[in-house]
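**Student:** Listed below are the residues making up each chain.
2 protein chains.
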Amino acid sequence: MIRFEEELTQLQNHLLEMAGHVKKSIHLSMQCLLDRDESLIPGVLADEDRINQLEIRIDSLATRLVALNQPVAADMRLIIAALKINTDLERMGDLALSIAHRAGELIRMPPLEPFVPVFDQATLVEAMVELSITAFVDRNADLAHQVLLSDDKVDLLRNQIYESLAARMEADGNAVRRALLLLFIARNLERIADHATNVAEDIIFLVRGIDVRHRNEHF
Amino acid sequence: MIRFEEELTQLQNHLLEMAGHVKKSIHLSMQCLLDRDESLIPGVLADEDRINQLEIRIDSLATRLVALNQPVAADMRLIIAALKINTDLERMGDLALSIAHRAGELIRMPPLEPFVPVFDQATLVEAMVELSITAFVDRNADLAHQVLLSDDKVDLLRNQIYESLAARMEADGNAVRRALLLLFIARNLERIADHATNVAEDIIFLVRGIDVRHRNEHF
Numbered sequence: 059m060i061r062f063e064e065e066l067t068q069l070q071n072h073l074l075e076m077a078g079h080v081k082k083s084i085h086l087s088m089q090c091l092l093d094r095d096e097s098l099i100p101g102v103l104a105d106e107d108r109i110n111q112l113e114i115r116i117d118s119l120a121t122r123l124v125a126l127n128q129p130v131a132a133d134m135r136l137i138i139a140a141l142k143i144n145t146d147l148e149r150m151g152d153l154a155l156s157i158a159h160r161a162g163e164l165i166r167m168p169p170l171e172p173f174v175p176v177f178d179q180a181t182l183v184e185a186m187v188e189l190s191i192t193a194f195v196d197r198n199a200d201l202a203h204q205v206l207l208s209d210d211k212v213d214l215l216r217n218q219i220y221e222s223l224a225a226r227m228e229a230d231g232n233a234v235r236r237a238l239l240l241l242f243i244a245r246n247l248e249r250i251a252d253h254a255t256n257v258a259e260d261i262i263f264l265v266r267g268i269d270v271r272h273r274n275e276h277f
Numbered sequence: 059m060i061r062f063e064e065e066l067t068q069l070q071n072h073l074l075e076m077a078g079h080v081k082k083s084i085h086l087s088m089q090c091l092l093d094r095d096e097s098l099i100p101g102v103l104a105d106e107d108r109i110n111q112l113e114i115r116i117d118s119l120a121t122r123l124v125a126l127n128q129p130v131a132a133d134m135r136l137i138i139a140a141l142k143i144n145t146d147l148e149r150m151g152d153l154a155l156s157i158a159h160r161a162g163e164l165i166r167m168p169p170l171e172p173f174v175p176v177f178d179q180a181t182l183v184e185a186m187v188e189l190s191i192t193a194f195v196d197r198n199a200d201l202a203h204q205v206l207l208s209d210d211k212v213d214l215l216r217n218q219i220y221e222s223l224a225a226r227m228e229a230d231g232n233a234v235r236r237a238l239l240l241l242f243i244a245r246n247l248e249r250i251a252d253h254a255t256n257v258a259e260d261i262i263f264l265v266r267g268i269d270v271r272h273r274n275e276h277f
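Chains as they are written, first to last, in my numbering: chain Z, 59 to 277; chain S, 59 to 277.
Hint data in this document are derived by calculation from the structure and do not stem from the laboratory. Some hints could be false.
[Said to hold, decoys possible] Here are the simulated SDA-like cross-link-like pairs (lysine to any residue), alpha carbons at most 25 Å apart as the crow flies:
no., chain 1, residue 1, chain 2, residue 2
1, S, Lys-211, Z, Ala-125
2, S, Lys-211, S, Asp-230
3, Z, Lys-142, Z, Val-195
4, S, Lys-142, Z, Ala-131
5, S, Lys-142, Z, Tyr-220
6, S, Lys-142, Z, Gly-267
With the sequences and hints as input, model every part of the structure.
**Tutor:** Take a look at the structure:
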C-alpha cells in the first residue's frame, strides 16, 4: 500500500513537471515574438519532447497502477482525473509549439505594431496553467474556480484581439498575412486556456463531485 | 461476468451513438452554410445536448465498471481507450457546434463565392469520424491507419484553403470578415480531423500495443 501511495505521488510529480514545461514553452514562444529572437525556439522543441515522453510515461504508470492495485473508488477517480489532465497538458504543449512556429514565421516579416493584448493573454494563460495544476495537487476546488473565472477574461481579450486584427486586415491588405499569424497565436493561447479550464473542471468534479462541464460552452 | 460484458457493450454503443451525432452535426452545419438555411441550426444544438449527456454517462459508466469489476489488464486498456475516445468525441461535438454558429453568422452576410475545398474537407472529416469509431468497435488497426492517411489529406486541403482565403483578404478588404469566418470553419474541421486521428492512434495502441502518438505533429 505504501508502494501504491508512492506511485500515486510519482504520477502527480510527473504532471507537475509537465505543467512546468508547458508554462515555460508558452513563455519562450511569446518571448521569441517580443524580442524577435529565433534562438529561443529550440528550447520550446526540447520542452515539447519532454512533454511527449512524460505523457506516455504517465499513461503507462496510471494503467499499471489500476491493473496491479485495484484501487478503491476515490483513488480510481483520482487516477482517471490524472489521465485526463495528462491529455490536456500534452495538447497544451502542442499548442505552445504551434505558437513558437508562428512566432518564428512572424519575426521573419517586417514588424507589425505590437499587439499588447496578445501578450496580456499569454500572461493570463500561463497563470491559468500554473493555477490549474496547483489546484490538482492541493485538491483545491476554490483555486480551480479561479481558473474558470480567468477563462472568461481570456474570452473577452480574444474578442478584443479579433476585432482589432480584423479591422487591421480590412484597412491594409499588406498586413493580412502577419495579422492572420497573430490571430492564430491568440487562438492557440485561447485553446490552452480551454485546456486549463478542462483541468479545473475535472478537479472540481474530483473534489466536490459536481460536474461543471457544459455549464458554459465556447463558441 | 456476463454483466461486465454487457456493460462494456453498452459503453461501446454509447460511443457509437455519440459518433453518429457528431457526424450528423457536422453535416447539418455545412448544409446550413451551403443552402443558406438557418433552420438547420436547432438540429445541431439538439445533437450537442445529446453528446454532452452521453459524455457524462460514459464517464460514470466506465468509472463504475472499473471500480466494481477490477478488470484484467486488457479490459482496463479498453476502458481507458473508451474514456479517451469519449473526450475526443465530445470536443468534436463542440467544434461542430462552433461551425454551426459561424455558418449562421456567414449566411446573414452577402454571399461570398463558394469555397468548394471547405466542403470537400467536411466530407473527408465526416468519413474520418465514421471510420475511427468503426475501427474501435471492430478493433481494426488497418481502418485506424486509413484515418491517419485521411488526416494528411485534410492537412493538404487546409493549406490550400488558407492560401486562397488569405489571398482573397489581401485583394479585398470587404471580404475580410467573411473570409475569416470561413477560415475558422476550415480550422474547426481540421481540429475535428485531429480528434479523429487521436481516436485512431488510441485504437492502434489498443490493438497492436504500438504507440503511434507524436509520430507526426501538427503545427
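**Student:** Return the numbers of the hints above that this structure violates; sort them in rising order.
**Tutor:** 1, 2, 5
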